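Asker: Listed below are the residues making up each chain.
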Amino acid sequence: MSATFRLPTGGLIDRDTALRFTFNGRSMTGHPGDTLASALLANGVHAIGTSVKYGRPRGIVAAGSEDPTSLVQIEQPFPEPMLTATTVELYDGLVAHGLPGQGRLASEPDPARYDAKHVHCDVLVVGAGPAGLVAALTAARGGARVVVVDEQNQAGGALLGTREYLGERLSQDWAADIAAELRNTPGVLVLDRTTAFGVYQDGFVLALQRRTDHLGFDAPADAARQRVWRIRAKQTVLATGAHERPVVFADNDRPGIMLAGSARTFLHRYGVLPGTRAVVFTTDDSAYRAAIDLARAGMDVAMVVDARPAAPSVLAARCSARGIQVRAGHVVTGTEGGARITDAHVAPLPGTEGNPETVDCDTLLVSGGWNPVVHLFSQARGTLRYDSELGAFVPGEELPTVRVAGSATGALDLTSCLRQGRDAGHAAALAAGFAPVGEVELPVSGARTDERPGMVLWRVPGELREGAPDTRFVDLQRDATVSDVLRATGAGLRSLEHVKRYTTIGTAHDQGKTSGMITAGLVAEELGVELSEQRPTTFRPPYTPVSFAALAGRDRGELHDPARVTALHPWHVARGALFEDVGQWKRPWYFPRTGEDMDTAVLRECRAAREGVALMDGSTLGKIDLQGRDAGRFLDMLYTNKMSALKVGRIRYGVMCGVDGMVIDDGTVIRLAEDRFLVTTTTGNAAMVLDWMEEWLQTEWPHLDVYATSVTEHWATIPLVGPRSRDVLAELAPDLDVGNEAFGFMTWRDTVLDVGAGVPARVCRISFSGELAYEVNVTAWHGLAVWEALMAEGEKYGITPYGTETMHVLRAEKGYPIVGQETDATVTPQDLGMSWAVSKKKADFIGKRSHTRAENNRPDRKQLVGLLPVDPEIQLPEGAQVVGTDRLPDPPVPMLGHITSSYRSAALDRTFALAVVRSGHERVGETLYVPVGDDLVPVTVTESVLYDREGARRDG
Amino acid sequence: MQLIPCPWCGPREETEFHYGGQAHVAYPQDPAALTDEAWARYVFFRDNPSGPFAERWSHSAGCRRWFNAVRDTRTYDLLAVYDAGEPMPDLGERDEVVS
Amino acid sequence: MTEPASPAQPPGAHLPDHPDFLWEDLEPRTFYDVVIVGGGGHGLATAYYLAKVHGITNVAVLEKGWLAGGNMARNTTIIRSNYLWDESSGIYEHSLKLWEGLEEDLGYPILFDQRGVLNLAHSLQDVRDSVRRVNANRLNGVDAEWLDPRGVKEVCPIVNIAEDVRYPVLGATYQPRAGIAKHDYVAWGYARAAHEMGVDLIQNCEVTGIETVGDRVTAVETTRGRIAAGRVGLCAAGHSSVLAEMAGIRLPLASHPLQALVSELLEPVHPTVVMSNAVHVYVSQAHKGELVMGAGIDSYNGYGQRGSFHIIERQMSAALELFPIFARAHLLRTWAGIVDVSPDASPIVGLTPVEGLYLNCGWGTGGFKATPGVGDCFAHTIAHDKPHAFNEPFTLERFTTGALVDEHGAAAVAH
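Protein chains in written order, with our numbering: chain Y, 1 to 956; chain V, 1 to 99; chain D, 1 to 415.
Bound-form chain Y, shown alone (with noise of 0.2 Å):
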């Protein structure tokens, strides 16, 4: 199939390889280094979709990112939604395909990898074209270590879209030669298809990589196919250039209606003519280098209509000498078409002598002069200025690490971007620390010395017809019109943020890129403002749309949070266990053997605990070993109950509370020796219980002589549970007497156990379970070795493994609570029936004076009971709440408290449950009810301690 609209030489394109592409089910070919839409309009194509809101057909508008209209679904290689055609770099096997303003999702994931890379660099230059190499070449012979990141797969930026000469060179052949010459300087790093979206404090801007993108089918699937780099930059050079913006006219949104500068760019960079016959409108001098372009590259252009009074006469001249009519003081008012423009209508202005005329043409070209690229300059809390000669918002006052160079600050001529370019990095460079050696050499050019501002023309005048729909577009994207401007306005609505919610103009795909000054011209013009006292609306990030997966980069499945693992991990996963997330620890829920549910296991795991032994992997408690002269006193504070004066070899139980008096952690605290304590917390709140020893220590008493040190990982924590557990620990601590008499509860011994060549241990005697235990402390080294000998050892016991389910069962029987579930930051130590862990006698604890507020001392504050329901063998769910009647009134219904945890039990032979219960501690004895589905279950409340109340078996 032949490219019709493709000129037989010119452009960056690789016109010896074809590429095969398919868009709206129709197949055409283009080449390396065309977009999808060069790669369309070379194959005559301009209709790419249709509009959101009417469904009228819509073209391609602009010649890079900020094109309002091409918007279009990628199918193959990938499904992904809504990009335009004029941001996606042809390659052979793409499918693609307009859209009606709503993209599709793939179904299947992605198998994409994104990543993300950071950077420091003196000088961060955002534009490669002829400002922005300046500036880098300036600061990177002083130097500077720059980067330098443009959007395009080739620096040049507008040079790209023209043929003017720099010097000797042309513009094209200059920019890939300054690019070489910092590829080639050591601590330059260019980066191409690269597009700085935020600008965020101190130096940090964000941009994306598109790497492979390009490549198609061809993309390696091991490299990531986009990266976020983040740029960390002492001094930043904005160089983002400007667009070329519209004038507003009726029916200005036929596929053919392009703008003149991007019209040109097609023409160089891709070798295409955009049509047959064109008519140019525009406002400014720069349409009609367009216009003499296209035509000297065989294109019929008709007429250049310039809504100024006077045309301007060199270009003027030159372009009667290739035929084309100049019409000064002539707008377009209207166009003729369908799926492509037919007619343009053109009408003298008022004060203009002359005939509206229509004229036949496929392509309109429209240009109403530039507006500089300012968003990353005001995302950088840079102030815009309005310049009424250029009807634009141009930069401010000049930031002190953030410049702007070239025709991003509103210059038009290519001399001044070049020395503003020069000035900028040298600027740049010198604030960074860096003395740049000698000036660079700025070639002389021809082209636009003479540029002037144009004239500021937002719409074409006139009124609309009575009845007729509006068709002068404002935001094409959004289907809004100038109408919807004028209704906005007369709604009452003064500023702009709401004119752009009443219209939805600048809130689509682009971001108002093309229709945002216009729409600040229409409002200021209608209500009779002045621009400069209106406020652009925020310049929000990103410049430009960026993948969600591009931003999640690698955080994504076993990444996206680590997990931790106990040494012992490798056992329970060979036994089958199932497991639990707490915080970010795997931990053994259950050990089910073959054919068992949780529930048959859990039995059998709570019976080998009160029954035989039992053994769990305990690892992931919190140890904070804490040293130092005032470590006592430091833990008196810290703890409701007095640890200074617990004696070296003894163990204590200790509850913590938030300064508000509620539980925050609990867990035993060892004492090493006089200035030596290990602390053990719950396993989800040890790096929180660290962070509040560090803050009081280092902020509120720096005085005291205290170090804390998260310890939690080098121990294997190995609770050895049950009747028999004696038995087996005497077996492997041969020097340790384990009687009742030498090592008795809530005291701590050093031994050696006989595994391997011995393996030092500290036993712990200590029990969440009721019944006589061991905590046998192990580095974690060793902890898999001592577990299986532990496990070999007890093996004539019928020792057994168990989980967090079964610690649960069993705690719960004996009523311990566990912080986090019998606790939800509104519960004290007092309500959970904890009032001999408080000290009287201390003058203080953090959260002592809570606890004596009104609140604090109500009777009907809910606290911890048991529950046993009538029926014993239902069993509650977890979660369900308590009432006081046996009949529901009308909601809302009084509610007495929850139920906190629920249960089989074996040793009872029945269902129990703990709950939190208004004034339960008086309750005891009373029937409450629960409700449970329709049915109300009757509840008996008793004391939380369900099982060998005396604490006989703890002693064996």
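Hints should not be assumed to be uniformly reliable.
Rough simulated footprint, nothing fancy, chain Y against chain V, three-plus residues with beta-carbon under 8 Å [claimed, not checked]:
1) 1-10
2) 61-69
3) 86-92
Only some residues are given here: those of chain Y computed to face chain V with a beta carbon under 7 Å [what the hints assert, rightly or not]:
4) 200
5) 201
6) 202
7) 649
8) 653
9) 660
10) 698
11) 699
12) 700
13) 704
14) 844
15) 849
16) 853
Hint data in this document are derived by calculation from the structure and do not stem from the laboratory. Being a predicted model, the structure only gives us computed values, none of them experimental. C-beta: ideal position from N, C-alpha, C; glycine also.
For chain Y, the structure is supplied; the task is to place chains V and D on it using the hints.
Answerer: Positioned in the frame of chain Y, the structure of chains V and D alone reads:
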């Protein structure tokens, strides 16, 4: 994302730090002697200015030291960094400068 | 190969237009019976109910910027009432009931869409907490269900319920009557209706001082002059501390940035609202098709209406864990609001030590859903100088007595 100048490690990414709220709120000498109102002030009430704010930061993924900073809550610019326990430095006219 | 959809009914064709007239931009008068400081959703709703329910129409709403341009314009519009405690469920359910009649009440197409909300559970404790909340909700007359992973998938087929992900979905609470609305439409609906009843809406009018005589409020100083007032109600969200300070009142609030974002317009894939506190993300697909997402707050105090980008990156990775098909959706726009967070994640609504001065603040990340409810209750509080039963628990004094309403479990991260 900010660059926060840890007094011990130098400038580091914000993600390495933990925020600790207002600085210079001392734990009361004798909490038991306080009225409920005065105690509640200590527990729950903190300054929340729009402008320079003396606050605490901890370099939690670095040296783990707490330090104080004066930061403008409008611009997020860090105006001063100083050791925990030191008084807030006199910023002179800085308050007026940032707006 | 998919052909373009038929343009017979373009996807954006069904959205209603705003009315031809909203409100008149007025000069402030010198005296009002009631001055509401803050022209966001809460301020506008309060003014509306003052006029409609209590017949008080000599009212001005003072807005320092453009009407409803603060958090009202920046939130992710989730509406639900499935809070844990009786106090919260009272006021949020009151609000939800008002939402259900609001379109008719205001005569404005606010696009209230009761598509339900799922709050996901990712750990066994999440499950216990969720079931507890469901049971409490039901007994409080709030619709709520507990769904297992398959039930979650039925409501929202695109949620990833695979067991081999880092934090698998273990289930969710579901409130079918929850949903979303269009924030600007809501604000403008209230503004137009209030204006029609005689309320003055004054923009670009920043309050710079609160004048009191004895213990009584008499006027506000503004950038547009002194405005005398019989009563003054503060509805200034993130700026509440600064305003209350002007009357010598210290609040237990911290103002934080809260960020949100949208994608491009996409074909419908997400029929409900999904929130996950554990992985810090909440997502819905708005009426035009864009994905609207929010995250947790930035940790530091900030009035800058911008946050740190790593929060957004973290939110994206969480979103893709839950919704792998979002991978190639695009982030179009990010922004931030300033939320006033209280120590117990519940609001402060009621009287102050200064006679005639009333507080409505501390809504943190969740004020939007409360708009009609608190508007009604706060209007009642101002009109009667006495709290409405629904806001009575939310006093400033509770921080002294300890009678907190701790909603961290239901409110901490996501709204």
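Asker: All hints are to be evaluated individually against the structure, with a verdict given for each.
Answerer: Against the structure, the hints come out as follows:
| no. | hint | in the structure |
| --- | --- | --- |
| 1 | 1-10 | holds (count 3) |
| 2 | 61-69 | holds (count 3) |
| 3 | 86-92 | violated (count 0) |
| 4 | 200 | 6 Å, holds |
| 5 | 201 | 4 Å, holds |
| 6 | 202 | 4 Å, holds |
| 7 | 649 | 31 Å, violated |
| 8 | 653 | 24 Å, violated |
| 9 | 660 | 6 Å, holds |
| 10 | 698 | 4 Å, holds |
| 11 | 699 | 5 Å, holds |
| 12 | 700 | 5 Å, holds |
| 13 | 704 | 12 Å, violated |
| 14 | 844 | 6 Å, holds |
| 15 | 849 | 4 Å, holds |
| 16 | 853 | 6 Å, holds |
Checked against the numbered hints listed earlier, the structure breaks hints 3, 7, 8 and 13; every other hint is satisfied.
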